[in-house]
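Once you know that position 72 of the sequence shown is 71 in numbering that gives the first Met the number 0, the rest is easy, because the numbers rise by one and skip nothing.
No lab work stands behind these hints: they were computed from the structure. Every value quoted in this text rests on a predicted model; they were computed, and no experiment measured them. Check before you lean on any hint, since a few could be wrong.
[Stated by the list, open to error] In silico BS3-like cross-links for lysine-lysine, where the CA-CA straight-line distance does not exceed 30 Å:
| id | residue 1 | residue 2 |
| --- | --- | --- |
| 1 | K55 | K72 |
| 2 | K123 | K98 |
| 3 | K76 | K45 |
| 4 | K41 | K5 |
| 5 | K98 | K41 |
| 6 | K76 | K39 |
| 7 | K98 | K85 |
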Amino acid sequence: MRHNKKFNHLGRTADHRHAMLANLAISLIMHKRITTTVAKAKALKKYVEPLITRSKEDTTNSRRVVFSYLQNKEALKELFGAVAAKVGDRPGGYTRIIKLGFRQGDAAQICFIELVDFDENMAKTAAKKKATRRSRKSTKAEAPVAEAPVAEVEEAPKAE
Numbered sequence: 000m001r002h003n004k005k006f007n008h009l010g011r012t013a014d015h016r017h018a019m020l021a022n023l024a025i026s027l028i029m030h031k032r033i034t035t036t037v038a039k040a041k042a043l044k045k046y047v048e049p050l051i052t053r054s055k056e057d058t059t060n061s062r063r064v065v066f067s068y069l070q071n072k073e074a075l076k077e078l079f080g081a082v083a084a085k086v087g088d089r090p091g092g093y094t095r096i097i098k099l100g101f102r103q104g105d106a107a108q109i110c111f112i113e114l115v116d117f118d119e120n121m122a123k124t125a126a127k128k129k130a131t132r133r134s135r136k137s138t139k140a141e142a143p144v145a146e147a148p149v150a151e152v153e154e155a156p157k158a159e
């Protein structure tokens with residue numbers, strides 16, 4: 000029985016899985032969007048979101064902890080620089096998974112995984128969000144509205 004064994008091993012040994020997730024996390028941080036399988040994207044989401052949360056507090060200890068996971072100085076600079084500045088006020092949910100369909104060769108489910116604050120197209124649609132419709136009429140609409148009298152305009156005599 001596999002009680003309480005919830006995370007996906009992805010068909011790899013532990014060392015191979017840790018190396019693969021670190022490489023995926025570095026690629027995601029550097030490129031802001033990568034294409035991968037849905038299973039790897041879900042595993043990556045659990046791996047990279049705590050690191051992004053850690054990067055919001057720029058201390059020596061947090062840099063050392065994140066470096067122990069990533070082992071890449073350029074990714075560390077990008078994470079504690081541009082990424083931390085964009086996600087500073089967000090309380091979580093730094094990544095988004097968008098499913099694309101199935102891969103031609105082995106029919107594996109493919110998706111994008113991207114950093115939420117770096118996608119300009121989604122930011123535009125979020126700004127255009129409409130107000131929800133209400134089922135009941137407002138009290139202002141029920142009250143009779145007195146119409147203002149329309150002023151009549153006198154026509155000037157035509158000069159010939």
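Cross-check of the supplied hints:
1. K55 with K72: 17 Å, holds
2. K123 with K98: Holds, at roughly 20 Å.
3. K76 with K45: 21 Å, holds
4. K41 with K5: 12 Å, holds
5. K98 with K41: The given pair, whose Cα atoms are some 11 Å apart, holds under the 30 Å limit.
6. K76 with K39: Since the Cα atoms of K76 and K39 sit roughly 24 Å apart, the hinted pair holds (cutoff 30 Å).
7. K98 with K85: Holds: K98 and K85 sit about 24 Å apart, inside 30 Å.
Of the numbered hints given earlier, the model fails none.
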